[in-house]
Amino acid sequence: MVYNMRRGKIKKEIPKAGRVDIKSYKSTSEAKAYLKDLRKVSSDQKKNMLSAGVDPLQKARSGTYLQMDHDVVHADSLYPGLEVMSTTQALKKYEWLDNYFWKIVSVGADEFTKQAQFQPHHGYFLRALPGVKAVYPLQACLFINDDNIIQNVHNIIIAEQGSDLQVITGCATASDVQRGLHIGVSEIFVKKDARLTFTMVHNWAEDVSVRPRTATLVEEGGTFLSNYICLKPVKNLQMYPKAELVGRGAVARYNSMLFAHPGSHLDVGSRVILKAAGSRAEVVARAVSAGGDIIARGHLKGQAKGIKAHLECRGLMVTEKGLIHAIPELEGTVKEVDLSHEAAVGKIARDEIEYLMARGLTQGEAQAAIIRGFLDTSIMGLPAALQKEVDRAISACEKEAF
Amino acid sequence: MAKDSGKLKNSGMLKIENLTVNVSGREVLTGINLEIKKGRRLALLGPNGSGKTSLVMAIMGFSDYQITQGNIVFNGKSINDLTIDERARLGIGVMLQRPPTIKGIKTRQVVQLIKQDDFNIDKEAGEINLKEFLDRDINLGFSGGELKRSELLQLLAGSPQLGLFDEPESGVDLENIALVGKVMNRILNKNKDNAGLIITHTGYIFDYVKPDESCVLVGGRIHCVGDPKEILKTIKKHGYKWCITCEGEKLKKKFQRQAG
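If you read the sequences in order, they're chains W and A.
Letter 215 of the first sequence, counting from 1, is numbered 215 in our numbering, and no numbers are missing.
Letter 141 of the second sequence, counting from 1, is numbered 543 in our numbering, and no numbers are missing.
If we strip away everything but chain W, and leave its shape as in the complex, we get (with noise of 0.2 Å):
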């Protein structure tokens, strides 16, 4: 029982946004066949691939990897010396893994590390071998296709000393497809001198709920680039990525796009730690509100001489309902470290919507510029490539959202 302050009445406790009953969907869906040959996804699938950044014609990718609710589709590397597996074959392949597995996760963290680790329905291993510079990204989609089911994934990435990879990873579930939760373990590790971009596009359904749990570590000189992009309805998502920086030099970058619509609630947040001299780090969030709920985290933990970070949060409210909630937050636990954080939540500037009125825009138009333009993925430094992916990922998801 619960004590609700809006109404000021008890009530029976029912699961609502922010609270996830794991019994109360199937952990069993019906068996998805191995796909050779990609292109043999339906038109419905591949549309909803589509809009998250997967393209089952690997135009311009290095390898794909495609699980559907508890089955893996298809894992190839199209790339001499990137790895892409389920992390089921790479437990059998390499002893090594088990040191990676649980790393940085930790698995008692919650119920849904828990979930991942007692039900494991596979997930992906992704490598590039010491000094291999991919041009094209590999691509990861966890897709869900029966309705109310629960997905546990465990995922792992390592980019070698040296090696150059880039990631995008979209979540998406079939058109009719209602219901579902989606747990996702992903440990990430930046070695030495390597550079990762990921990229991570969801494309849920309305009611499902969604719990990434992510963690990175990056290496001396090391770079880690993350982007996160959720434009479409979900119910509710909580997130909380982390990034540790232990060698010289490492950095990390986040940058999130939200757009919650009504009945959406979205917790997202980035957090790093700057664990080693001279690391640096930055993290940005560009959240919309058009009648939903966005708590906006962020937490920057300076622990060592000369770090240097900086942390911005930027909302847009478009209506009356809703609820930006910006929660920044900055540690410095030695002396020579250098935090800061910036932080605004607005309205869409009435003269800005007038000026493209001005123009022959309609009202409904200038605003979804505007919106369009607020969430520019230019900030994000992608690859060229990358860049039109993302581009055609956020078309296809502004469609339907704006």
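For the record, the hints were derived by calculation from the structure and aren't laboratory data.
Fair warning: there could be bad hints in the mix.
Stated by the list, open to error - Label-pair distances were calculated between CB atoms; the ranges are:
{"#": "1", "chain 1": "W", "residue 1": "L78", "chain 2": "A", "residue 2": "D519", "range": "40 to 48 Å"}
{"#": "2", "chain 1": "A", "residue 1": "L542", "chain 2": "W", "residue 2": "G291", "range": "27 to 35 Å"}
{"#": "3", "chain 1": "A", "residue 1": "D524", "chain 2": "W", "residue 2": "K388", "range": "17 to 25 Å"}
Unchecked claim - Mimicking SDA-like on lysine to any residue, the simulated pairs with C-alpha atoms at most 25 Å apart in a straight line are:
{"#": "4", "chain 1": "A", "residue 1": "K505", "chain 2": "W", "residue 2": "V132"}
{"#": "5", "chain 1": "A", "residue 1": "K505", "chain 2": "W", "residue 2": "K26"}
{"#": "6", "chain 1": "W", "residue 1": "K103", "chain 2": "W", "residue 2": "K347"}
{"#": "7", "chain 1": "A", "residue 1": "K505", "chain 2": "W", "residue 2": "P383"}
{"#": "8", "chain 1": "W", "residue 1": "K26", "chain 2": "W", "residue 2": "K103"}
{"#": "9", "chain 1": "A", "residue 1": "K505", "chain 2": "W", "residue 2": "G364"}
{"#": "10", "chain 1": "A", "residue 1": "K505", "chain 2": "W", "residue 2": "R392"}
{"#": "11", "chain 1": "A", "residue 1": "K508", "chain 2": "W", "residue 2": "E312"}
{"#": "12", "chain 1": "A", "residue 1": "K505", "chain 2": "W", "residue 2": "K103"}
{"#": "13", "chain 1": "A", "residue 1": "K505", "chain 2": "W", "residue 2": "Q363"}
{"#": "14", "chain 1": "A", "residue 1": "K517", "chain 2": "W", "residue 2": "Q115"}
{"#": "15", "chain 1": "A", "residue 1": "K533", "chain 2": "A", "residue 2": "G506"}
{"#": "16", "chain 1": "A", "residue 1": "K505", "chain 2": "W", "residue 2": "E365"}
{"#": "17", "chain 1": "A", "residue 1": "K505", "chain 2": "W", "residue 2": "A349"}
{"#": "18", "chain 1": "A", "residue 1": "K505", "chain 2": "W", "residue 2": "A290"}
{"#": "19", "chain 1": "W", "residue 1": "K192", "chain 2": "W", "residue 2": "D338"}
{"#": "20", "chain 1": "W", "residue 1": "K388", "chain 2": "A", "residue 2": "N522"}
{"#": "21", "chain 1": "A", "residue 1": "K505", "chain 2": "W", "residue 2": "Q367"}
{"#": "22", "chain 1": "A", "residue 1": "K517", "chain 2": "W", "residue 2": "D376"}
{"#": "23", "chain 1": "A", "residue 1": "K505", "chain 2": "W", "residue 2": "D293"}
{"#": "24", "chain 1": "A", "residue 1": "K505", "chain 2": "W", "residue 2": "A60"}
{"#": "25", "chain 1": "W", "residue 1": "K347", "chain 2": "A", "residue 2": "T485"}
{"#": "26", "chain 1": "W", "residue 1": "K242", "chain 2": "W", "residue 2": "N99"}
{"#": "27", "chain 1": "W", "residue 1": "K59", "chain 2": "W", "residue 2": "K114"}
{"#": "28", "chain 1": "A", "residue 1": "K508", "chain 2": "W", "residue 2": "K26"}
{"#": "29", "chain 1": "A", "residue 1": "K517", "chain 2": "W", "residue 2": "D338"}
{"#": "30", "chain 1": "A", "residue 1": "K533", "chain 2": "W", "residue 2": "D376"}
{"#": "31", "chain 1": "A", "residue 1": "K508", "chain 2": "W", "residue 2": "G221"}
{"#": "32", "chain 1": "A", "residue 1": "K417", "chain 2": "A", "residue 2": "E429"}
{"#": "33", "chain 1": "A", "residue 1": "K612", "chain 2": "A", "residue 2": "T485"}
{"#": "34", "chain 1": "A", "residue 1": "K505", "chain 2": "W", "residue 2": "A344"}
{"#": "35", "chain 1": "W", "residue 1": "K347", "chain 2": "A", "residue 2": "E429"}
{"#": "36", "chain 1": "A", "residue 1": "K505", "chain 2": "W", "residue 2": "A396"}
{"#": "37", "chain 1": "W", "residue 1": "K192", "chain 2": "W", "residue 2": "Y136"}
{"#": "38", "chain 1": "W", "residue 1": "K388", "chain 2": "W", "residue 2": "A60"}
{"#": "39", "chain 1": "W", "residue 1": "K192", "chain 2": "W", "residue 2": "N99"}
{"#": "40", "chain 1": "A", "residue 1": "K508", "chain 2": "W", "residue 2": "A349"}
All values derive from a computational prediction rather than experimental measurement.
Beta carbons: idealized from backbone N, C-alpha and C, even for Gly.
Start from chain W and add chain A according to the hints.
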């Protein structure tokens, strides 16, 4: 609020009838009467703060400018109740004096959205030295002259029947005033019926764009309508104060008789 006044007999493109406008509850324009006929250019002179910009903003329909009395008629129909975009689509275009910055929206995108099919963005932008600004956030960090040229590029792309030019020469260096004038003429001459309202408090732009008639706005009221050269000469000699007391009414009547 005045409703559709029906088709007018004459060929007036814009007719402003007894217009009173409030901004934040304060009256900024009082009983304005003006007419711009097809193919004509009317210059509106007046000191700073006289209400010139308010008139442009009210014609375009910006929400801060509330019509409390009177009527704005475009091509024979009252546009008082139309939204800004509806007015724009009827063929009214505005060159704002202080356009806002919109982060994340590139100049090119805006031009792309409003342009006519045969408009070549890169070529046209090149001709007005604005090519390098096409892929920058619109108006962000633009200098005075760059703002004017960006506004003109947008008007050129949209090709309005009636152009409202608010202080086209302010903040523009001498070298670029000629360019501004050239583009204004292109907009105004694109179709023979195109008309323009040119706002200025210096009249420098008249060296490049010739108005057919001028009027003087002081303290939110029209004080004088007449021959542009004569009016400008008088203002240069006596200042705007003189306009309030001069024989503006006579001039106005004379002008109206001439205009028939």
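Between K192 (chain W) and N99 (chain W), is the straight-line Cα distance small enough, at 25 Å or below?
Within the cut-off at roughly 18 Å; holds.
Is K505 (chain A) close enough to A349 (chain W), meaning Cα to Cα at most 25 Å?
Between K505 (chain A) and A349 (chain W) the Cα gap is close to 11 Å, so the pair holds against 25 Å.
Would the pair K505 (chain A) and E365 (chain W) pass a check requiring their Cα atoms to be no farther apart than 25 Å?
With Cα atoms ~16 Å apart, K505 (chain A) and E365 (chain W) stay inside 25 Å; holds.
Straight-line Cα separation of K505 (chain A) and D293 (chain W) no greater than 25 Å?
24 Å, holds
K103 (chain W) and K347 (chain W): Cα distance at most 25 Å?
42 Å, violated
Restraint check for K417 (chain A) with E429 (chain A), where alpha carbons must lie at most 25 Å apart:
Roughly 20 Å between the alpha carbons, so the hint for K417 (chain A) and E429 (chain A) holds.
Does the structure keep K347 (chain W) and T485 (chain A) at a Cα separation of 25 Å or less?
21 Å, holds
Proposed proximity, D338 (chain W) with K517 (chain A) (alpha carbon, max 25 Å):
47 Å, violated
Mind checking the alpha carbons of K347 (chain W) and E429 (chain A) for me, to see if they're no more than 25 Å apart?
28 Å, violated
May I ask you to test the hint 17 to 25 Å on the CB atoms belonging to D524 (chain A) and K388 (chain W)?
20 Å, holds
Given the hint that K533 (chain A) pairs with D376 (chain W), does the C-alpha gap stay at or below 25 Å?
Holds - the C-alpha atoms of D376 (chain W) and K533 (chain A) are around 21 Å apart, at most 25 Å.
Honestly, do L542 (chain A) and G291 (chain W) meet the 27 to 35 Å range at C-beta?
29 Å, holds
Checked against the numbered hints above, the structure breaks hints 4, 5, 6, 8, 12, 14, 24, 27, 28, 29, 31, 33, 35 and satisfies the rest.
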